Amino acid sequence: MDDQLALQQLLKRYTQQPENLSKQARIEQALRQAVTQEWPHQTRLPSHRRLAINLDVARHTLSLAVATLVKEELLTTSHGRGTWSCKPAVYNTPVQTKARLSARASRVLRWPGASLVQSGAFVPGIPDIAQFPMRKWRQLYASVTVPQNALLLSYSTGGYGPLKRAIRDFLERWRNIRCDIDQIIITDGTHNGIELCAMALADVGDTVVMESPCYWGARNVFTAAGLNIAMLPWQPGQGHSLPAASAPVQLTYFTGSHHYPLSVPTSAHDKQRLCDALAPAYIIEDDYEFSRDDHTNLLFDPQSERHFLVGSFSKMMFPGLRLGYLVVPRQLSEPMNRLRSELFREGRMLDQAVLSQFIFDGDLDAWCRRIQRDYLGRQQVMHDQLRTLPRLKRISPPSSAISLCVEFEPPIDDVKLAQALLKEHLIVRPLSPVCAANDPRVGLVMGVGMLSGETLAREAQRLRRCLENLLR
Numbered sequence: 001m002d003d004q005l006a007l008q009q010l011l012k013r014y015t016q017q018p019e020n021l022s023k024q025a026r027i028e029q030a031l032r033q034a035v036t037q038e039w040p041h042q043t044r045l046p047s048h049r050r051l052a053i054n055l056d057v058a059r060h061t062l063s064l065a066v067a068t069l070v071k072e073e074l075l076t077t078s079h080g081r082g083t084w085s086c087k088p089a090v091y092n093t094p095v096q097t098k099a100r101l102s103a104r105a106s107r108v109l110r111w112p113g114a115s116l117v118q119s120g121a122f123v124p125g126i127p128d129i130a131q132f133p134m135r136k137w138r139q140l141y142a143s144v145t146v147p148q149n150a151l152l153l154s155y156s157t158g159g160y161g162p163l164k165r166a167i168r169d170f171l172e173r174w175r176n177i178r179c180d181i182d183q184i185i186i187t188d189g190t191h192n193g194i195e196l197c198a199m200a201l202a203d204v205g206d207t208v209v210m211e212s213p214c215y216w217g218a219r220n221v222f223t224a225a226g227l228n229i230a231m232l233p234w235q236p237g238q239g240h241s242l243p244a245a246s247a248p249v250q251l252t253y254f255t256g257s258h259h260y261p262l263s264v265p266t267s268a269h270d271k272q273r274l275c276d277a278l279a280p281a282y283i284i285e286d287d288y289e290f291s292r293d294d295h296t297n298l299l300f301d302p303q304s305e306r307h308f309l310v311g312s313f314s315k316m317m318f319p320g321l322r323l324g325y326l327v328v329p330r331q332l333s334e335p336m337n338r339l340r341s342e343l344f345r346e347g348r349m350l351d352q353a354v355l356s357q358f359i360f361d362g363d364l365d366a367w368c369r370r371i372q373r374d375y376l377g378r379q380q381v382m383h384d385q386l387r388t389l390p391r392l393k394r395i396s397p398p399s400s401a402i403s404l405c406v407e408f409e410p411p412i413d414d415v416k417l418a419q420a421l422l423k424e425h426l427i428v429r430p431l432s433p434v435c436a437a438n439d440p441r442v443g444l445v446m447g448v449g450m451l452s453g454e455t456l457a458r459e460a461q462r463l464r465r466c467l468e469n470l471l472r
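Every letter in the sequence shown is one number past the one before it in full-length UniProt numbering, and letter 210, counting from 1, is 210.
Simulated from the structure, these hints should not be mistaken for laboratory data. Any given hint could be a false lead.
[Unchecked claim] Okay, derived cross-link-like pairs now, SDA-like style, lysine to any residue, Cα gap no bigger than 20 Å in a straight line:
{"no.": "1", "residue 1": "Lys23", "residue 2": "Pro133"}
{"no.": "2", "residue 1": "Lys87", "residue 2": "Leu101"}
{"no.": "3", "residue 1": "Lys12", "residue 2": "Leu62"}
{"no.": "4", "residue 1": "Lys423", "residue 2": "Gln461"}
Note that the structure is a prediction, hence the values are computed from the model and not measured.
Throw the hints in and build the complete structure from the sequences for me.
Below is the structure:
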């Protein structure tokens, strides 16, 4: 491949990156996509000077981006020879081998899970990281990283006390939940909280009931824990499909006040009706996305002996934070804290200290109010563009969440639809893989966190045009 063609392909991919990302991040992502998806192995790149001129960036910015790709072993460069692409090595697994994964791991990997593509237009589950107040975050890190705070480098047995107090107050303000500090367990994100519940509350072979469609991440955690998963379809306004007869249920798992992936308000009445019918030993709610006025959709009761609430700051702030919380019944607080210490150990005291100060200073409340207003406007843009699609069955109403869901009349193959959109660099998730076998719903799940302003309007129009062509 000649360097002129490589330059054209790189420029095209660069212009398709979200404009709210920094120039360096856009170059890195464009290079990464070109190397892995388009360029042959050992494609020679144009000179750095020529690349910088055509991309309209400083040479220093380009050098930083290239250095990142060199560290990832996707580019190789040497003085006087230029820069070359490196295709990731593909290793052929021998046909006969004694090394194999467990049955539980194989079941997890059989289902669609975390996408290898975690940035791009409409990727679901990713908040707006470009507008997050990173300057304040860095200042807080500098304020806690001082010699007299050396204990922050140790284990955080039971979690950082000030952060627990900050979460307690935050839950009362935003979720109308009044709980004790001792009921709060600091976790390494949502999956860690769900895993702790699965390990503490159920044995291998026990049954967990989930809604269909479900959150894929929770299903994977329960599968890895060796639980038997029963999925019951839920229709907004109609409730759950109740089984005629069922085995004893150890756990039920619901999303919180806003359903994921359907992106509609949940119903505490529907949840209670299902729990009355199944009589589970424990009830887990995952408060994945929420706004300040939807707490009435929660079934969670902090005074109950069988209710658990899982929460995460990754969807509120930025995915790399990987900090969350678990609110547990009082009588289980001490043993579950000890179990967490024995299984996972605790750390990240610096992150916990910074987050607690961020909450105490009022910055988290201000950020949530600001970004949720922004998400609502972005969702309205998407709704206006997609509501006239052919074969459309339902589109989730505009909300302050980062995700929305478009359902189509079957028998559309939403998996192939998502794959076709991926070729146009439009990243969405198909709905059918997270539905039960007796739930025929098909559709697409998409996010609004990566795009805003004119970029969102332009990409939403492009998405609509692509979908119109594919659906017809």
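(message) Checking one constraint from the list: CA of Lys87 to CA of Leu101, max 20 Å. Satisfied?
(response) Cα-Cα ~27 Å, so violated.
(message) What's the verdict on Lys23 and Pro133, does the C-alpha distance respect the 20 Å limit or exceed it?
(response) Within the cut-off at roughly 18 Å; holds.
(request) Mind checking the alpha carbons of Lys423 and Gln461 for me, to see if they're no more than 20 Å apart? (result) Roughly 17 Å between the alpha carbons, so the hint for Lys423 and Gln461 holds.
(message) Next pair to validate is Lys12 with Leu62; report whether the Cα-Cα distance is within 20 Å.
(response) At roughly 16 Å apart (the allowed maximum being 20 Å), Leu62 and Lys12 satisfy the hint.
Of the numbered hints listed earlier, the single one contradicted by the structure is hint 2.
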